Each structure stands twice: as C-alpha cells, then as structure tokens.
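Put the two chains together into one complex; each comes in its own frame, and the hints tell you how they fit.
Here the protein sequences line up with chains A and F, keeping their order. Position one of the first sequence corresponds to residue 0 (numbering that gives the first Met the number 0), numbered consecutively onward. Position one of the second sequence corresponds to residue 0 (numbering that gives the first Met the number 0), numbered consecutively onward.
If you're looking for bench data, these hints aren't it; they were derived computationally from the structure. Every value quoted in this text rests on a predicted model; they were computed, and no experiment measured them. Treat each hint with caution, since some may be false.
Said to hold, decoys possible - Within a straight-line C-alpha distance of at most 35 angstroms, the following computed DSBU-like cross-link-like pairs (lysine-lysine) qualify: (1) A:Lys249 <-> F:Lys279; (2) A:Lys249 <-> F:Lys100; (3) A:Lys319 <-> A:Lys231; (4) F:Lys78 <-> A:Lys306; (5) A:Lys319 <-> F:Lys78; (6) F:Lys259 <-> F:Lys210.
Claimed, not checked - Non-contacting residues of chain A with respect to chain F, defined by C-beta distances greater than 12 angstroms in every case (computed): (7) Leu261; (8) Leu264; (9) Gly289.
Even glycine gets a Cβ: it sits at the ideal position worked out from N, Cα and C.
Take a look at the letters that make up each chain.
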Amino acid sequence: MDFLTLIQLLDSTVRLATPLLLACLAGLFSERAGIFDIGLEGKMLAAAFFSAAIAALTGSVWIGLLAGITASMLFSLLHGLASITFRGNQLISGVAINFLAAGLTVLIAQDWFSQGGRTPSLMGGARFEPITLPFAEAFGSVPFIGPIYQELISGHSILVYLAFAMVPLTWWILFRTRFGLRLRAVGENPAAVDTAGVSVVGLRYAAVMICGVLCGIAGAYLSTALQAGFVKDMSAGRGFIALAALIFAKWRPWYALYATLLFGLFGALETRPDVIEALFGIKVQGALLGALPYVMTVIILAGFVGKAIPPRAGGEPYVKER
Amino acid sequence: MSGSDTSGRQETAAPAIELQGISKAFGPVQANKDISIRVMPGTIHGIIGENGAGKSTLMSILYGFYKADKGEIFIAGQKTDIPDSQAAIAAGIGMVFQHFKLVENFTVLENIILGAEDGGLLTPSLAKARKTLLELEHEYGLNVDPDAVIEELGVGMQQRVEILKALYRQADILILDEPTGVLTPAEADQLFRILDRLREEGKTIILITHKLREIMEATDTVSVMRRGEMTATVKTKDTSPAELAELMVGRKVLLRVDKKPAVPGDVVLDIKNLHVVDDKGVERLKGIDLQVRAGEIVGIAGVAGNGQSELLEVLGGYADATGEIRVNGQPLDLSGKHSDGRSRRARGIAHVPEDRQREGLIMDFSAWENTAFGYHRDPDYQSGVLLNNAAIRADTEAKMERFDVRPPNPGLAAKNFSGGNQQKIVLAREIERNPDLLLVGQPTRGVDIGAIEFIHQQIVALRDKGKAVLLVSVELEEILALADRVAVMFDGHIMGERMSAETDEKELGLLMAGVGN
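With the rest of the complex left out, here is chain F (with noise of 0.2 angstroms):
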C-alpha cells in the first residue's frame, strides 16, 4: 500500500496489467475476442466503448467474475490466475463498481471490513479499521465519516468508501466502471482529484466510460473498444474526442447536436407558483413559475434531488400539486380526479420518464406491449372489446423501423433491448403520438453515443415541428446542447433562466449550487 512499495515496482516497468488474447464468450456471442491490453504502474488507463462491446466482461474476468476461455492475465509481471474475487482481492486489484457493492444499513467502517476482518471478533477488526481509515484518509485526503450508515451519504461518499475498501484490501491496481454515472459534475471533478492523487502515490488505476470528455480529461492512455474487440490503444494527448467516438461507433459521429435556432411560439405549458408536499410532508417543490412556448426546448438543469423528478411527476399526472399550470391556455387538474396520465395524454402531454426501466417500461413484457401502454384506449388498438394485438404489433413494428430500434422485433421482452434501444421504444411510443407537450427526463442515461446522437435529434425534430419541450437533465453537457434556455432548480425553486448560448457550465454549476445571481 505504501508508496515506496510500488514506485519499485515502477522501476522495473513491468505492467501493472498486462492481458495477453482474453476471449470470452456467452453461447454464441463473442463478449471479449482476443484482448491484449498493457497497463504501466502510476497511469490512469481508460476503457472507452459503447455499452455491449465488451468492457464490463473483460473486467469482470479481471475481477474473477468470469473465467475466460483463452488468454492470459500477468499482474506486476507475474503470470496470474484469477478464478474468483478473493483470488483477485489477493492479486491487489480494487474494484468499484457501477452499481455499489454496500450494504445500506451498515456504517462505513462495517463496510470497510467485511470479508477482511482481522479473526472471529469484530471489536478489534473495527478499531484496526477505524486507524487505517484515518492514514488512508491522511495518505489520499479520502475523508469520510467512519460512523456514518451508508444510506445516508450521498452518492459521492457512497463511491468514497468503495475507493477506501479497495484501498484497505491493499489494493495497487483500482478499476472503476462508469464511475461518474451518479455524480454531479461537481463530485465528478472531486473524484478526478482523487484520482489523480491516487495516482500520484503510485497506484494503478482503469477507468471505464462511455463518456469521452472524462477520457480526455483524466486518462494518460485510452483503449477503445468495439463489438467485443479492443480496437485502437493510444496516448490520450495524441487523439481527439472526435477520433475515439469514430474509433467506438466505427463510423463517424456528430458529437454536436446540430440545430438551427429556435423560433419560440405561443406559450404551451405556463406553470405558476407551483407547490409541492411529499408524503413525509416534505416540501419539494417552492413555488415554481416557468414558461414553454411551441418551437422551443427547456432545459431544466440542476443537481439531482432539486425538485426537478416532483416537476416532472406533476406534470405527468402521477403527483399532487397545488398552485397553477396552463397547457395551450386551459388549466390542468392538480390533484383531483383528473389528475392522471390518462388525462394529461388528453391534453397533448407526452411523457418520457426519468427512470425508463422502472416507469417507462415493463421489462418483463414485449416491445408491443410496451408501446400500447398509456395508449390502449386508441381506437386503431381494439377489436371489439378486446385490444387488437395484430394492429398494435404492425404499429409497433413501424415505430421501431422508423426510430431504428434493433433488433426490430416487437414480440422481443424490453428487458432484452439494450439502454439505448430501450429509450428508443418509450420515445418513438411518446413523440409518434406527436404531443403538444413533451417531458423528457433523463433521455440518455446510460444510452450509448450513437443512439444519443439519435435521441437529440428526435426531440430536436419535434422542436422544428412547433412542439414544446421541457427537458430535464442532470448532464450538464446535454442541456447545453439540446436546450434553447436553461433553467436551473435548486432546492425546489427556480435560481434563475439563461439563453443556452449566452451561458456555460460555469455560470449554470454555480446556480445548480444554489449561488443566486
């Protein structure tokens, strides 16, 4: 762990990783072929790559998830067999997963020891822990309460502590998959530092992402990879975004969204001192005002947990509210008996929920069943008293051909489409009904670069066709992009409105925490 230890190491220039022909396959589908890959000691390596082509596999067989068929792994340029996550805990490699791997209602310092206790008992396990935690703390600035329940940190503390498990196993080699999908920009730049610092004291470290700009900004050297093989490794300094987004895609990619300017209309959503209480009565929403007019997209910017989800539930029919909301000029019902998706679909409203797998999608039922949903009262759907399933398959099977859902097969479970597509089925059911109103939130979380590429210009095509757009999203980047105005939510209210093309990340990042104007 110290770093003397592997500033050795560094001398001989064995390494840290070194993957000679890694292949693996699932059935009939190659995940990883013939992956050879050379980590050296104290770099940051990226894994850049849409999702499917393989990175979280290799990793996994790095982590002993998975033994793979050919190939050979040599850690600090011993030859080294990984067949499980002890085997490569001892290997000194720490992983941090997409997805923590905490147990929510232990303290950090329980976290921290499980499955490293030192002997039977706990008491003596916990106060080792408590000490080395306070020298890691000291060694890489990592500090975190020992004390604290893991469900009441928030992400970034919450990714801290992976950092420091990984660190109390001793760990030289850290890997960490997609780890800024949670933060915000603001505890995304923190975890850079870290890792930069981490590098610094000789560590190791792979960092995996679809996002090429934390590539650019953080790695030394970049692999690419493509349909499950490793396609271009380079020094980070000699390429660019647009190269390593071909490289990924295999053709080229408009990293820009390309729009012409907006030409705003008559207001369509007009929103006054809205209220929201939550069921532990917490108040969410603090009187919002806000305008959409035809023709123009908003961007609501802000930190997750703002208020910007309760806006979207209002605005969805699947939460109450108090105050004023106007569509085309006609209020809407906030919390009586027309306070409900049906009713807002009535209205034009068009929704494409935040959370595409929880209540976008029923992942265990078909892409046609999935596209009737909220719409199975069309009259093009029924047949008697019964839904005409032929019609709804046809429908679908059109809908996918036109927003390039693959495989275009309706009668395939959601479940089975990757993010991308997945996003792709809940948007062409929304925009296909061509809404007056569309809510977006969240589009492209975990949607690879090239369906975004297509997603932003979906909505950007309903903008053009005088449609209103409220877009909410916590990537800063594509608010930017694909909004025409910006507003920013802090803590339930509105901190302020901009034009997107008179701000930038600067200005938006201070008002998302809160800074007035």
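If we strip away everything but chain A, and leave its shape as in the complex, we get (with noise of 0.2 angstroms):
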C-alpha cells in the first residue's frame, strides 16, 4: 500500500468519522444526563431527510441545515416529553422514534417529490462544499506534510471541521463549567441535584436538545455533504454505531473522538477490500467489516477491555421522594 493510499483511506476515516462523532457526542450529552437515546438513528435521518428537502426546495443548504436541526430537535422534544416530563420508559421512547423517523421521511419525500422517497439531487448552493484550507495548493508538494494537509486535512466540508471542534469544547463545558457539573450531577445522582436547588428536568431537557442539535447536524451532514440528497433509510444504522461508540468510550469526549474514527475506519476499509487484501493477503468480507464496530462494542461490555460504567442514573426517570 502506497503512501498516496493510505491518505485516501484516511480522508475517507474522517469523513465517515464525522456523522458517528457528531451523534455520538449528541448522545454523550444525552447520556451523560441520565437520558438514555436510542433515538439517536431516527434524529439523524430525519434532520437528514428535512435537510435535504429544504435545502433542495430552498437552494440554500444553510436553510437545510436549519431545517434538520430543527426537525431533529422536535423528536428530540418529544423523546424529552415522554422519558423526563411522563417519566416512560427511555428505550421505547426512542425506538418509537426510529420507527417514526423511519417511515415519516420516506413519505413525505414522496408526497413533496414524487420521486420514490428520495429529494431530489442537490446542486451548488444547496450543498455543503468542500472547504480549500489556505496554502493547501501550496503546501502540496512538499513531500510527506504536503499531501497530508492538501489531502487529509483541507478539502472537507465546514461540518467536519466543526465535528472535530465539538471534541474540545464538549470537554471544556462538561468539565470546567457549572453547566457541565450539573449536567454530569444529573446522569449520575439526580437527588442530589433536586436537593441542591438546581431543577432536574430542565437540566435534563437541556440535554436533550444539545443531543437535538448535534444530531440535527449529523443528519445534515449526511445528505448535504457526504451524499447530495436524501435517500431512503441513509443513516443506515450510524446512529446504533455511535451508541456503540459511545460506550467504547466510556462516555468521554475524547474517547469518543477515537472510537468514531476506528469505527469510520472500519467503514473506509469497508468499501477498500483491496487495501486489506494487499495488506494481509487475505479476503474480508465488507459486511465483515461492517458488524467490528458491533463486536467490538460487545467485547467492551462484556469486561475485556477495562469496564465501561454508563452514568448511574441512565435510564432512571427521577422521581422525587421524601
């Protein structure tokens, strides 16, 4: 394998990566406020389908991005309004919302655009661009750093670079402001925030709507930048892959950080069987590839690489007693 190819698989790592991090920091935030998503999958394709569909209708991919995390924020309401304020059952909840996600967009897709559940093709505006980074031209024959910046690091889109920002700062207002705290508090030992004076369910739905938001921003990704246009079921199970991911990494930023790209680079090699063939001689199936994130996840939770312990009160409607 050539250097030229081991750059194309990793842009493509990162650019895989990007959904699965956006989502899987939507779920930390979530999660780590005591509000279990499985919703995660439904959120992103709908923001993706409304993104698309917006953007395709209004040729601004600016307003699809408004419109996606919008759409996304509103099932992330309901998800709010069934698990914190009605205190369900949080894994129900979100499975309702996988179904309804699931159904929802293909059939508005058809009624607005006829053209079998999908939006049409987006074009120019009503895409998200490939952003030049300055120098990238410049800099590209230089040998070694040259093509790594010119390929790897410039030419994606801006929502990949704010994909990979989310990293530091989710960090800094989980772990250095009184937000972060208390949203931490919440996940853990919401009685205690009750009985500090702080409110558990607005805590807790300002969790969720962040979750709303990053996965609002996932889905967009998803049919304006990494695809141009909706298509049926396009998240394809990114949203359960980054809630493996989310419990690879313990429920930390920056271990989420790593654990997506692993598994976007499972997804890269994915689609290059010949990299691994040239690499270990052997033929691996794709799906193969496709269920390690699975796996790995498995091997995780069962105990076999250190203990991945969720935030104690995950899953728990709070219920105030005396």
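See the structure below:
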C-alpha cells in the first residue's frame, strides 16, 4: 500500500467518522444527563431528510441545515416529553422515534418530490462544498506533510471541522463549566441535584435538546455533504454505531473521537477490500468489517477491555422521594 | 454563617423555626395533622417517632419537597414560604438526608459546590470552596480531604460532607434525618460531638431519629410524633426513655429483652478455620473458629464490613469458602454443588438475611409469593405440577396472623409493608420452619420500636425451644440485649468472645476497633 492510498483511506475515514462523531457527542450529552437515547438513528434520519428537502426547495444548504436541526430537535422534544415529563421508558421512546422517522421521511419525500422516497439531487448552494484550506495548493508539493495537509486535513466540508471542534468544546463544557458539573451530576444522582435546589427537569431537557442539535447536524451532513440528497434509510445504522462508540468511549469526549475514528476506519476499509487484501493477503467480506464496531462493543461490554460504567442514573426517570 | 450574627438573633429570642398548624394529606392518609412546634436557636431539638409517624413528611415540608395543605412556617420570626429546596436553602435550612444526596464519583469539593457555584466557570468556584472549606474545618473541626472522591470515603466521612454542604450554603438550621442509621458507635459519637460544636456556634439542629438513646444523649428538647400528630414536646432532661417510648407507641413498651438465662445444649454449629476470598481476591475471613450450641443466641458484633456478611453468606449457602463447618456433627458442603440455599435449608438452617429488601424479599411480589420462596418445594404447597396458590395463601395468612403482620393481607406486595412488617414476613417464613439453626442478620435495621420488641421476643422464643441462633448486628445495644454470648469480628478474625452478662459496650467497642485482649 503506497502513501497516497493510505492518505485516501484516512481521508475517507475522517469523512465517515464525522456523522458518527456528531451523533456520539449528541448521545454523550443526553446520556451524561441520565437520558438514554437510542433514537439517535431516527433523529439523524429525520434531519437528513429535512435538510436535503429544504435545501432542495430553497436552494440554500444553510436553511436546509436549520430545518434539519429543527426536525431533530422536535424529535428530541418528543423524547424529552416521554422520558422526562411523563417518566416513560426511555428505550421504548427511542425505538418509537426510530420507527417514526423511518416511515415519516419516506412518506413525506414521496409526497413532496414523487421520486420514490428520495429528494432531488442537490447541487451548488444546496450542498456543503469542500473547503480548501489556505495554502493547500502551495503546500501540496512539500513531501510527506504536503499531501497530509492538502488531501487529509484540507478539502472537507465545514461540518467536518465543526464536528472535530466539538470534541474539545464538549470536554470544556462538561468539565470546566457549571452547566457541565450539573449535567454530569444529574446523570449520576439526580436527587443530589434536586436537593441542591437545581431543576432536574430543566437540566435534562437542556441535555436532550443539545443532543437534538448535534444529531441534526449529523443528519444534515449525511444528505448535504457526504451525499447529495436524501435516500430512504440513509442513516444506515450510524445512530447505533454511534451508541456503540459511546460505550466504547466510556462516555468521554476525547475517547469518543478515537472510537468514532476507529469505527470510521472500519467503514472506510469496507469500501476498500483491496487494501486489506494487499496488506494481509486475505479477502475479507465487507459485511464482516461492517459488523466489527458491534463485535468490539460486545467485547467492551463483556469487560475484556476495561470496564465501561454508564452514568449511574441513566435510563431511570427521576421521581422525587421523601 | 458567623457566630456573632446568630447570637444576635438569640437575644431577640425569636424561635429559629416555628411551625403553626401544619397539615398534609396524601389521598386518604393524613401524614401530618395540625402540627405546631417551636425550636429555639442554638439548641438541638429531637423529633422521635416510629416509621410512618410523619417525621419525614414534616421535614420534607420544611425543605420544600412538599407543600403543606394548611399551616404556616416562620423562620427566625419571619413568615416564610418554602415552595422548593431553593427557597429552603435561601431561608438558611440545610438538610442531611438519611440516604446521602451525593454524587458518588465526584470529589468532595465538586459535591459541595454543586448548585451553589459562583458563576458559570468551575475553576474560580472550586478555588473559593477550597478556601471556605478550610475556614469551616477551622471553625467546626470538620476536617475532610477536599479532593477525595466520595465513593472512596466511609459513610461517616460522607455524612460530614453532607453537613459541610449545608454549612457552605450558610445554613443556620440543620436537619438530620436518622443520621446514625449507617454509623458505627464511634462514628455516631463523633457526629454528636460535631453537633455539639455546631450548637455552641449558634446553629439550630433538628435531629430526627427513632433511637431513644440518641435523643436522651444529644438533645435539649424533644417532640414525639405518632400517627401524624405531635403528641408531646418536652425538655429532654425532664423525661425518660420509657416515657418517650410510651408516647411514641401509645402503650407501654419493654425496652429490655425479657429472657431467662440460656441453657446451652449440644453444639449445633461448629466452624473451624473458615477462610473466604472474595471476587476481587481479597481475603474476607481469615480463619474463623466459632461454635453455637442449641438453646443459645450467639451474637456477632463488629463494625460493618469486617467479615460478618461473608460469614452469613457462607452459612446461607451463597458464597464459597474453605475450612470446615459442621451442623449437628455433619459437615456442610462449602464449595461443591450442595453449597446452595436449598441444601442449607434441607440441613435445618434458616436464614434471615441482612438486607431484607435485596436478599430477603422480592419487593414487587406479594407477601404470599415471598412466603413461598425457598420453600416452594414443600409438598403442602404443591398441586400436581403446579403450585397450590390457595394453600400458600392460607399458610401465609396464618403466619401473618401469628407474627402480627399488619395489614394481614397476603396479596399485598412486599414493598407496601412498613420495614418492621417486611421483616416480620421474612422472620415468619424462616422461624415457622422450625430450623435447628437460625441465622439472623440485622434483624431490626430500620424497624420501629414496637416491632423490635416483637422480633426480639420471637428470636428468644426460638432459643427457648432449644434451637441455635447466630445473630449478626451492627447495633451493639441489640447484641448485648439479645445474645447470650458475643463474638467480636475485626478484619476477618474473631477478636474475642465474651458472655454478654459479663461485658459492656466499652470492652466490646475496643475489640471492634481491633484492640486485642
């Protein structure tokens, strides 16, 4: 495998890791506050559709992005209502959101565009174009560093940079701000937060809404940056892989970056079986690579690679006791 | 927070807290009925009552968890509305709950600032809290490592963090709900010293408990609650434990266990060189030798976590061990396939586990289902391949009758009984099987005083029938009252054995602390 192939592989890793990273951080906010969210998938899907649809209709990807985020936040609100206000089962609410999104997106797409549940292909301003970073061309000829800068670091859409910037930002919010302290506390022991005179409900809604925003961006990235338009079920299980990555990352922002990059690499390899064949001399089924994130999560959960301890109050509706 | 400010308040002599006609109902249940109380600043005021008497409801109203249906609250003479915890904190009320409200994987400092941060960023808040903590430590002698993680601290220290949390929020009134339930005698003494110090600095303290001894030792005045009503408020020095107990229960209560001297017979339980290593590879029992004879109660005293639980688990058949245990002369299987609860029961060992809610009962299951557990293979309970539910129900009903379980309804889920009645359900299930050896862990933890008397009587009655009883309790008082012989455990060893008639709390306390003979 030559250097350029490696760069291409890593470039594709970054692009595939981006939606996973955004969704993983979305889940991180929610679960750190004690609300389990298996509806990441549905929210991404809804956001992917509405971003593409609105971008197609208005011609502006930014309005599309906003629409995607709004759609995702509405689903978050639904999840919040079910699991915070009405203290329902968080898993069931999440499953419902996934089904709802899967059906709703195709139905509306067919009604609006009559293209078999797709949106029209997005072009020009209706898509996030790659950004060429300054001096990318000039640096390109520098050996080794040049191609890394030009091919790997430069040339992604703004959302990719945003996703990576979210990692330190998330860390900073969680561990350096009052909001972060309270958010972590409410996921560990909501009674402690409540007796300290802070609203458990308010904090959890805030976390769930942040989750909605990030899922919205992840979904928009799928349909307006990674692809050029929405197709049925285009989130393709990424929401679940993001959840796996979240467990893999032990609910920590930096680990989330590493976990999603690793899972992104599996995704990139899935499309390049030739690389594995060249490296190891064996032919590996693409589907096998696709299953790897799940296999690794099972291994993690079985406790082989250190313990992943979820937030202690996760999944439990908070009921005030005397 | 400073002493001068509270002493100023003392001169005006307005009560620190005054409640007037507080009433609160939950549906048909009147939890608090027309309660009035005055607590003067700089005093320790005890509130005593059985479980369900309405103590916790009253304190929850004071801390803004519930809104009273009727009545008024005055703080330092000012009429105050307390709609939520925020308002309670603002009014200078701090609460130390029975179950601590701490974030276990946060540091002490993080727990202290939670909800009382200065501004949006943590670093300055933490720095300020660190400084204030030093001052509080200086002022009240409450030292604790600010960077320790809560789950690594002992319960005594965790409680201290809760007190510091309240003081950091500038509380003048401190409410402690059953604060010694989880503490060792030494830790409890330490707590009372801290409370004394806080009182000297002008703080007002409300101590909620069901332990008469604590009321007598620590408080200036005491209010007694029964069935939602405040039946009396008296000066502690003008009352006696017997009088308080009668006020609590509504009838005369025997505080002492009334029992004849033991007549020990043959050795029933014979433990030799017992070792237990736990999942983490830590040796929990380091060579235990112990005998229990027929017709005697042997009490195991010790601070929680010194191997008592492991001993019960091995005897109950749900932990493996090495060494030798003989029951009625025959060896028990300690790690093979007969090392389980079923085999133990077949050998005449009955077990009332330490944690009845986790090990003794399934809380969502009914009393009759819980009564069948472990004995569900009883031929009387069978009807072909099915369980004979009607027979189990009838049997349960009879047992509930004999053990005075209230309400005597076999269909009611275990969680809907009070702690004392839950314990009676477990006790009835085990004792009524007429075992040769009864294992009892913490028989009266969280049980109210009327039920304690009854439970103690049942255990003594079993002894008097010539059965062997092994009692594990962290309550020294209970051990001394109930056991005929006491063995003290420390760090997986038995530090010493004493006849309970010939020893006292002081001697046992030293053994519990690992100070040898």
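To see whether the hints hold, each was checked on the structure:
1. A:Lys249 <-> F:Lys279: With a Cα-Cα distance of about 22 angstroms, the restraint between Lys249 (chain A) and Lys279 (chain F) holds, given a limit of 35 angstroms.
2. A:Lys249 <-> F:Lys100: 24 angstroms, holds
3. A:Lys319 <-> A:Lys231: 43 angstroms, violated
4. F:Lys78 <-> A:Lys306: 52 angstroms, violated
5. A:Lys319 <-> F:Lys78: At roughly 26 angstroms apart (the allowed maximum being 35 angstroms), Lys78 (chain F) and Lys319 (chain A) satisfy the hint.
6. F:Lys259 <-> F:Lys210: It holds: about 25 angstroms lies between the C-alpha atoms, which stays within 35 angstroms.
7. Leu261: 26 angstroms, holds
8. Leu264: It holds; Leu264 (chain A) is separated from chain F by about 31 angstroms at its closest Cβ, greater than 12 angstroms.
9. Gly289: 35 angstroms, holds
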